[in-house]
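Undergrad: Counting from 1, one number per residue, gives the positions in the sequence shown under full-length UniProt numbering.
Derived by calculation from the structure, the hints in this document are not laboratory data.
You can trust all of the hints, since none of them are fake.
So the derived label-pair ranges between C-beta atoms look like this:
hint: 1; residue 1: G90; residue 2: R351; range: 34 to 44 Å
hint: 2; residue 1: L93; residue 2: T147; range: 15 to 25 Å
hint: 3; residue 1: E76; residue 2: P349; range: 33 to 43 Å
hint: 4; residue 1: P444; residue 2: H157; range: 47 to 57 Å
hint: 5; residue 1: F120; residue 2: L231; range: 13 to 23 Å
hint: 6; residue 1: V197; residue 2: T373; range: 26 to 36 Å
hint: 7; residue 1: V343; residue 2: S422; range: 26 to 36 Å
hint: 8; residue 1: K414; residue 2: Q293; range: 31 to 41 Å
hint: 9; residue 1: E295; residue 2: G19; range: 36 to 46 Å
hint: 10; residue 1: A433; residue 2: L231; range: 42 to 52 Å
hint: 11; residue 1: G80; residue 2: M161; range: 41 to 51 Å
hint: 12; residue 1: G72; residue 2: R307; range: 41 to 51 Å
Virtual Cβ for every residue (Gly too), placed ideally from N, Cα, C.
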Amino acid sequence: MIQTAHPIPADSGPLASHGANPLSGRFATPGDRAIAHRALIVSALAVGHSTIEGLPDSAEVLATAAALRQLGVRLEARDGAWHVYGLGVGGLLEPQGPLELGLAGEGGPLLLGLLAPYPFSTRCSGGPALTSQPLLDALARIGTTVTQGGGLTVTLHGPIMPLPLRHEMAAASATVKSALLLAGAQMAGRTTIVEPVATSDHTEKLLADFGATIAVHSDEAGGASIGVTGLAELQPRRVLVPGDPSAAAYALVAALVVPGSDLTIEKVLVNPARTGLIDTLLEMGGDIQFLNQHESQGEHVADLRVRSSRLKGIHVGAGHAAAMLDDIPALAVAAAYAQGETVIEGLAPLRAVGGDRLAATAAGLATSKVTVTEGEDSLTIGGIGKVEGGGMVASRGDGAVAMSFLVLGLASHKRVTLDDTSGIATSFPGFVAAMTAAGARFEPVKGRLG
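Required output: the full structure, derived from the provided sequences and hints.
TA: Below you can see the structure in the form of structure tokens.
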């Protein structure tokens, strides 16, 4: 364990980073949030007792668990695992009050799909994804009445006889697809979802593992057709949630840019639809090895051995960027330490994330004396192999921005200060402690900021 002169600060409030030791040892990444939401929900539809190991202790995953409790599902966290006592397909109960589905993440939309076939009213509140028009329009085709209230709230009332559907998605969205598959698993007949570009398939794999009848057909254009036959009885399972590749991104980039680092990041999900950042860092010259590769519940998992590397700037097209939008701030940090210009296109969706994640990332780079040009949907970063640092970065309450720029400060000439790190708790509680144990140095900031 690395000894520090100060106690490890909590993941909130102003924080500075600077002067990291070479990162070494083994880094445990929290469980993947996308799989965690789905594991909880599918376990709730099974008949009997499922166990889930590796569930991350993030605010949005806990919000999904709390909502399932309101729907009559018994959940217990004990003995290092979550225990879910499922009520079976169609067995959820009408909640006695509104469901608070959390401000971030995809748990909210997935729960809307879960509830769409039930003939009772449910009022839900949450983040912007909850009122996604493509999702609400698709649920209406099942026969579900969807009413939007004030703010980010919706009220669902499912039909007496829900209708299975064939739905062709105008734009690729793993969240919308998954919500419709969860609805389809609870309706008589066959529901088919056609996506123009194949997206992450965690829901399909989990449903199949629990016993659902799932058929997937890929087309030559890169799209896919996914069918689920409803009302199959799901059997309880033991689920091992692999490490979240988006959470691993921070340790991954830190080990690449902090000189002398040799760090192993354990049990990371390396599903091909989720390795956009890893693939890009390899293209930039990153020394990343895949060790202990194995399959778990149909998912590919590996340990990543990462050593400090001389990175080079590259061009990242919109199609490639779409596979790693959650990881763009971390990629921007890697680009800041690369030699040569990096251009990242297709970033317009980040305008709607947090307080405009694209603008926050560009502003943080500029504050840290990195040459950057912010386009309407792009970033151009002029890397010179080193970063000056020295400024105060505004995270805008975005945990991904906060963690990325704390990583930037680990190898910068001058320390980097984050005005607010409270957003970290939403996605990666324990980030500061885990990074400190690997060799990072963080300091709480005292006194008035600004």
